[in-house]
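Sequences listed follow chains A and B, in order. Residue numbers for the first sequence, in the working numbering: 1 to 217. Residue numbers for the second sequence, in the working numbering: 1 to 217.
Simulated from the structure, these hints should not be mistaken for lab results. Among the hints, a few may not be true.
[Claimed, not checked] Label pairs and their in silico Cβ distance ranges: (1) B:A125 / A:S163: 49 to 57 Å; (2) B:P147 / A:T207: 20 to 28 Å; (3) B:A72 / A:T207: 34 to 42 Å; (4) A:S163 / B:R170: 42 to 50 Å.
C-beta atoms are modelled at their ideal positions from N, C-alpha and C, and glycine is treated no differently.
Number of protein chains: 2
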Amino acid sequence: MRIGILGTGTVGRTLGARLVQLGHEVVLGARQATNEAARQWASELGERAAAGTFADAAAHGEVVVNATAGVASVAALQAAGADRLDGKVLVDVANPLDSSAGMPPTLSILNTDSLGEAIQRQFPAARVVKALNTINANVMVDPARVPGEHTVFVAGNDPAAKSVVVGILRELGWPASSVIDLGDITAARGLEMYLALWIRLMLNFGTADFNIKVVRP
Amino acid sequence: MRIGILGTGTVGRTLGARLVQLGHEVVLGARQATNEAARQWASELGERAAAGTFADAAAHGEVVVNATAGVASVAALQAAGADRLDGKVLVDVANPLDSSAGMPPTLSILNTDSLGEAIQRQFPAARVVKALNTINANVMVDPARVPGEHTVFVAGNDPAAKSVVVGILRELGWPASSVIDLGDITAARGLEMYLALWIRLMLNFGTADFNIKVVRP
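Start from the sequences, fold in the hints, and give me the full structure.
As structure tokens, this is what we get:
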């Protein structure tokens, strides 16, 4: 599958590298075509990996992943171009974390709105699926780092788009039984607000190698 | 142990009834001494249970539980009287949910503050412990309703107060290994913001019989 990833931070590079290993053709997009992290990333991964701009990545992808910093995501997607996102599955793995006042970060969108919803409103023809934002990058691509079954969530307005994302999750090693479909994109509120608890757990444990499992009878 | 519970809703009555069954002497406190729900509750539970005002419950308890609606909790605690809370373990199981705009409710305090912190600030001599706010009342008092191990959190500034609360959790059936101490009361932010996800899960499942388990290597 052709996948475009926006964002050259740890999440974009880690997710992109694993998707290349799984056989996908991935363009890692940055604000500038000259982004050194993206070029370095591509050079290490062989012919199925390339670096480019946000627009290059969006044009390339049948599936586009937003792995930019949440507070910059809408601007990054605008730079990618709405026309290049039309009709595409847009996986939003970002969180609207604001670290400008130090640790712990706060959320810049919450309670009655979410980044996932803001992106869907701004790009109405994209098929936004919120997923993986509740999990550290290393666990995203290797769920077995955390023992036993644990939960990954998907939320979005387009069931077919969610199926595509669940297929990718399965390839990454997530069992079908660990996926919870929370319904439409408004569920992104709860998924993003959970970050306040996730960050606290991460600071207390001193590691991001953990996840939650939703347990029910 | 003498336990005062503020709030005659499902949480207060369910938690109180179980604590009476476990041998504790419980006063269930309401705004008005004539509260019918509290009187009915006490009449069904025998001599270790009594109904009274918020002040009666607070005066009675070595441990006081805030099980009032979060948006009314500070007023309820003021009615109870700061002097009756001084030095006591104050277990805050409430969430600052605002349902005035319909479902789902939003949080009236969040992000850079929490109800747990607001209560600790307002009643600095009380030993506030945030606990059980992430779990439905029936599961609080019978964790085996949800299969396997799952997590209950405590947070507060006073380690001895947290130990008292963990002792009560153990009596309610929570294994020691399922308790996560998140540190000081600022962790109440994450515990309360998790409610946005909890409510979404509850609406999707059509039941509150679930919980999360934090899984780590």
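Each hint, compared with the structure:
Roughly 56 Å separates the CB atoms of A125 (chain B) and S163 (chain A), a value that falls within the hinted 49 to 57 Å. Hint check: P147 (chain B) to T207 (chain A), Cβ distance near 27 Å, so the stated range 20 to 28 Å holds. At roughly 39 Å, the beta carbons of A72 (chain B) and T207 (chain A) sit within the given window of 34 to 42 Å. At about 44 Å, the CB distance of S163 (chain A) to R170 (chain B) agrees with the hint of 42 to 50 Å.
In this structure, none of the earlier numbered hints is contradicted; all agree with it.
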